[in-house]
Each structure stands twice: as C-alpha cells, then as structure tokens.
Amino acid sequence: MCKTPGAIKVTFTLAQTSIAPYTTQGRLKLYFPSSTLLPSIEVLATPIHTPSHTAHLFNSEGQHILLWIELVHNRALTFIKSEIPLEFGSDRKQAVTRRLKPFADIA
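For the sequence shown, position 58 (counting from the first letter as 1) is numbered 75 according to my numbering, and the numbering increases by one without interruption.
FYI, nobody ran anything at the bench for these hints, they're computed from the structure. One or more of the hints may lead you astray.
What the hints assert, rightly or not - Derived Cβ-Cβ restraints for the label pairs, each shown as a range:
no.: 1; residue 1: 23; residue 2: 79; range: 46 to 56 Å
no.: 2; residue 1: 108; residue 2: 24; range: 32 to 42 Å
no.: 3; residue 1: 49; residue 2: 108; range: 11 to 21 Å
no.: 4; residue 1: 24; residue 2: 76; range: 38 to 48 Å
no.: 5; residue 1: 100; residue 2: 25; range: 16 to 26 Å
Unchecked claim - Cut-off 25 Å, straight-line C-alpha distance, at most; resulting in silico cross-link-like pairs (SDA-like, lysine to any residue):
no.: 6; residue 1: 46; residue 2: 24
no.: 7; residue 1: 26; residue 2: 100
no.: 8; residue 1: 98; residue 2: 108
no.: 9; residue 1: 110; residue 2: 84
For glycine and all other residues, C-beta sits at the position ideal for the given N, C-alpha and C.
Throw the hints in and build the complete structure from the sequences for me.
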C-alpha cells in the first residue's frame with residue numbers, strides 16, 4: 018500500500034478497518050481464482066484494476082451467468098471514453114487494455 022496515492026489510501030484503510038472484526042475472529046474466508054465456492058459457483062481471474070480481481074460464474078442446469086463487479090464504474094465514461102483509467106488501478110495503462118477485452122468479447 019506504500020505506493021498508493023494519499024487520497025486513495027484512506028479508502029484502503031477504511032476497507033481494512035471494516036473487515037478487521039471478521040479477520041480477528043477467524044470469520045473471514047479468503048478465496049482465489051480457480052476456486053469453487055460451491056459446485057455451481059466458479060471464481061475466475063479477471064485482473065483489471067488489481068492482480069487479485071475476480072469474477073464469479075454461476076452455473077445451473079446448463080445455464081450460466083457471469084457476475085463481473087467493477088468492470089464498469091461510470092457508464093458515461095466507461096462506454097464513451099473507455100481509454101480513461103481509474104485512479105486506483107495498480108497498473109492504469111494495463112487496466113484499460115484488460116477492461117476493453119471483455120467488451121470486445123461480449124460484442
């Protein structure tokens with residue numbers, strides 16, 4: 018977190034503070050890409066903003082839906098000016114490239 022810009026550090030600190038009670042009580046369960054949370058939920062690696070970013074693929078009776086949080090942060094900017102990176106991405110240039118790929122795949 019030492020390379021994180023000051024204003025954004027506050028957000029990370031708030032997030033760490035929010036999960037601290039669960040961590041200290043051993044109630045926080047981490048999972049990683051290629052984990053299976055349940056037989057019908059797969060975790061997929063989608064390293065857009067951070068290397069640990071994930072999406073979740075829900076499978077049921079031959080049907081699938083992909084839940085990909087944080088692909089779009091601001092509709093007006095993301096779709097019209099897709100080349101604008103988010104301030105807090107770990108590699109802003111790479112994040113833009115990686116964010117555009119799923120849009121092309123879906124189209």
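Self-check item: Agreement of residue 26 and residue 100 with the hint, judged by alpha carbon distance not exceeding 25 Å
Solution: holds (24 Å)
Practice problem: Starting from residue 110, check that the Cα of residue 84 is at most 25 Å away, please. | Solution: holds (24 Å)
Quiz item: How does the Cβ-Cβ distance of residue 100 and residue 25 compare with 16 to 26 Å: does it lie in that range?
Solution: holds (20 Å)
Practice problem: Take a quick look at whether residue 98 and residue 108 sit within 25 Å of each other, Cα to Cα. | Solution: holds (18 Å)
Exercise. Hint says 46 to 56 Å; check whether the CB-CB distance for residue 23 and residue 79 agrees.
Key: Holds - the Cβ-Cβ distance for residue 23 and residue 79, about 49 Å, lies within 46 to 56 Å.
Quiz item: Is the hinted range of 11 to 21 Å satisfied by the C-beta distance from residue 49 to residue 108?
Solution: Holds, since residue 49 and residue 108 (Cβ atoms, about 20 Å apart) stay within the stated range.
Exercise. May I ask you to test the hint 32 to 42 Å on the CB atoms belonging to residue 108 and residue 24?
Key: violated (19 Å)
Quiz item: Within a Cα-Cα threshold of 25 Å, do residue 46 and residue 24 meet the stated pairing?
Solution: violated (28 Å)
Practice problem: For the range 38 to 48 Å, tell me whether the beta carbons of residue 24 and residue 76 fit it or not. | Solution: Distance hint for residue 24, residue 76 holds at roughly 40 Å.
When the structure is compared with the earlier hints, violations turn up for hints 2 and 6 and for no others.
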